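Student: Could you put the whole structure together from the sequences, leaning on the hints where they help?
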Amino acid sequence: MNEELFIANLIAGKQSAFSQLLDDYQQKVFSTCISFVPNKEDAEDIAQEVFLEVFKSISNFKGDSKLSTWIYRIATNKCLEFIRKRNTKKRFAFMQTIMGNEIPFDKTNYFTEFNHPGIILENKEKSATIFKAINTLPESQKVIFTLAKIDGKSYQEIVEITGKSLSSVESVLFRAKKTLQEKLEYYYKNEK
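If you're matching positions, the sequence shown starts at 1 in the numbering used here and goes up one per residue.
Among the hints, erroneous ones may be present.
Cross-link-like lysine-lysine pairs, in silico, DSSO-like; alpha carbons within 27 Å at most [what the hints assert, rightly or not]:
no. : residue 1 : residue 2
1   : K132      : K40
2   : K14       : K85
3   : K183      : K164
4   : K28       : K85
Calculated from the structure, these hints are not laboratory results.
Owing to the predicted nature of the structure, the values given are computational and were not obtained by experimental measurement.
Tutor: And the structure:
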């Protein structure tokens, strides 16, 4: 079935089209979510939200991009929403730490999904450190770095998902790598 007919069937609310959509994209969306939010349960919840949004908004899909690009854009935005909400909750704990009422940093089970290609690292602590560093990047750098280096998207896919130019994607990715390298060098020097 070609994409136009498939989209028409989705807009018409055909159950077979929605089943096909889930079969085709469920694992891909989950992989994108876990690249941004490396915890299986959270990534599954976000992936569900992505499909709810797709089902709710399919009639608004204009066909300016491929369906997959539109779905990845929704997934990326849902992940960023989740991260923003989580970071808002953490700010209070951070302020308490600054004021001296230290809440021990919970290494959490936030870094539990180690069979994902972007998260296969030597151990949980190294993974936690790297993801903490990634989360300190400015949002545009975090998005592009995560899509490129953790989720394995090509530059062209990132251009389509983010709406940025190729030169902008390359530039932002370069800055993200440089910033991460500096942060991680600083961290490892001060850990020893």
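Student: Any hints this thing doesn't respect? Which numbers, in order?
Tutor: 2
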